[in-house]
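Novice: Could you build all of it, start to finish, from the sequences and the hints given here?
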Amino acid sequence: MSRNDAVFRFAPSPNGELHLGHAFSALVNFEMAHSAGATFLLRHEDIDTTRCTPAFERQVEDDLNFLGVDWDGPPRRQSEHMADYGAALEALAAEEIVYPAFMTRGEVKAYVERYEAEEGRPWPRDPDGAPLYPGLDRHASTAEREHRMSEGERFAWRLDVERAIEMVPALSWDEYGASPLGESGKIVARPLEWGDVVLGRMDIPASYHLSVVVDDAIQGVTDVVRGRDLFYATSIHRLLQALLGLPVPRYHHHALILGEDGRKLSKSAGDTAIRALREAGMTAEDLRRMVGLAGRSAAKTATIPRGSSARR
Numbered sequence: 000m001s002r003n004d005a006v007f008r009f010a011p012s013p014n015g016e017l018h019l020g021h022a023f024s025a026l027v028n029f030e031m032a033h034s035a036g037a038t039f040l041l042r043h044e045d046i047d048t049t050r051c052t053p054a055f056e057r058q059v060e061d062d063l064n065f066l067g068v069d070w071d072g073p074p075r076r077q078s079e080h081m082a083d084y085g086a087a088l089e090a091l092a093a094e095e096i097v098y099p100a101f102m103t104r105g106e107v108k109a110y111v112e113r114y115e116a117e118e119g120r121p122w123p124r125d126p127d128g129a130p131l132y133p134g135l136d137r138h139a140s141t142a143e144r145e146h147r148m149s150e151g152e153r154f155a156w157r158l159d160v161e162r163a164i165e166m167v168p169a170l171s172w173d174e175y176g177a178s179p180l181g182e183s184g185k186i187v188a189r190p191l192e193w194g195d196v197v198l199g200r201m202d203i204p205a206s207y208h209l210s211v212v213v214d215d216a217i218q219g220v221t222d223v224v225r226g227r228d229l230f231y232a233t234s235i236h237r238l239l240q241a242l243l244g245l246p247v248p249r250y251h252h253h254a255l256i257l258g259e260d261g262r263k264l265s266k267s268a269g270d271t272a273i274r275a276l277r278e279a280g281m282t283a284e285d286l287r288r289m290v291g292l293a294g295r296s297a298a299k300t301a302t303i304p305r306g307s308s309a310r311r
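For the record, in the sequence shown the residue sitting at position 101 is 100 according to numbering that gives the first Met the number 0, with numbers rising by one throughout.
To be clear, the hints were calculated from the coordinates, so they are not data collected in a lab.
Incorrect hints may have been included.
[Claimed, not checked] Distance windows between CB atoms, simulated: (1) THR49 / PRO123: 26 to 36 Å; (2) THR49 / GLU106: 40 to 50 Å; (3) MET81 / ALA275: 26 to 36 Å; (4) ASP173 / THR48: 33 to 43 Å; (5) ALA275 / GLY184: 35 to 45 Å; (6) PRO246 / THR52: 39 to 49 Å.
[Claimed, not checked] In silico SDA-like links for lysine to any residue, alpha-carbon gap of 25 Å or less: (7) LYS185 / MET201; (8) LYS185 / HIS208; (9) LYS185 / ARG153; (10) LYS185 / ALA216; (11) LYS108 / GLY119; (12) LYS185 / GLY119; (13) LYS108 / GLY194; (14) LYS108 / ARG144; (15) LYS185 / LEU255; (16) LYS108 / ALA86; (17) LYS108 / ASP125; (18) LYS108 / GLU165.
Since the model is a prediction, treat every value here as computed from it, not as a measurement.
The C-beta atom is built at its ideal place from N, Cα and C for all residues, glycine as well.
Specialist: Shown next, in the form of structure tokens:
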């Protein structure tokens, strides 16, 4: 049992093997929660049922146990809670701030390339470097949308960000980690930088952005601890929390474990998989040493604010 009402969570996607970057994040999460006397949850973000498998899920849990990371209660599996995300998407649709977007990735790429060639200037991009959605179908009539959908044309549900931010006051969040630029404290959210993000698809009623804020609210998460690669995405998460009337966690974005070439570790590249390192004879303390945590508590990588909750 926790000694207060703070709730932390570690939420990997079981679509590959955990690597050293995941080990660092899990240890920081777990030890910060333990230091605070908080509840610590495990969530399997397995919406992508084509890549996420039970075998990877079992490997995730086995690797966490090897690291000495345990959790309270059974893990939450997103694939078992699609109705929760569907309900949130319907609530946003009722406010007329989501729309069916029909442009494919190829069409977006071609549109952007044509614009840049004709205008001689770059098309705006989101913080991850992807081109913003052109939104040519943002103002299509209801009849046109229904016709295209009835014809079986593939689409994604996108958030009309400009319209959405008109419905909420200025947004911010409490950051007790640091941004990639070293910012901390009260951070102003800038969701416009992301453009009209995908919130769901015709066959899956949720994207990462939507599912993560719904899950955190349902599970009562008060402290989100994750890598700095997700720092800028918090702006969209704050917007969705405001639109859906969800509580606001505190955030701690920690430094990333990088490969020798300076890039972020990747499952797809097979970087430093925990299972492979275990099979090579490494101990849990060896792995702690590799991520810079040998002989000290991961919780000391952050100052945990007084008070158990930032829910408001």
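Novice: Are the hints correct? Go through all of them and say.
Specialist: Verification of the hints:
no., hint, verdict
1, THR49 / PRO123: 26 to 36 Å, "holds (31 Å)"
2, THR49 / GLU106: 40 to 50 Å, "violated (23 Å)"
3, MET81 / ALA275: 26 to 36 Å, "holds (33 Å)"
4, ASP173 / THR48: 33 to 43 Å, "holds (34 Å)"
5, ALA275 / GLY184: 35 to 45 Å, "holds (39 Å)"
6, PRO246 / THR52: 39 to 49 Å, "violated (32 Å)"
7, LYS185 / MET201, "violated (37 Å)"
8, LYS185 / HIS208, "holds (21 Å)"
9, LYS185 / ARG153, "violated (40 Å)"
10, LYS185 / ALA216, "holds (21 Å)"
11, LYS108 / GLY119, "holds (16 Å)"
12, LYS185 / GLY119, "violated (38 Å)"
13, LYS108 / GLY194, "holds (15 Å)"
14, LYS108 / ARG144, "holds (22 Å)"
15, LYS185 / LEU255, "holds (22 Å)"
16, LYS108 / ALA86, "violated (32 Å)"
17, LYS108 / ASP125, "holds (14 Å)"
18, LYS108 / GLU165, "violated (29 Å)"
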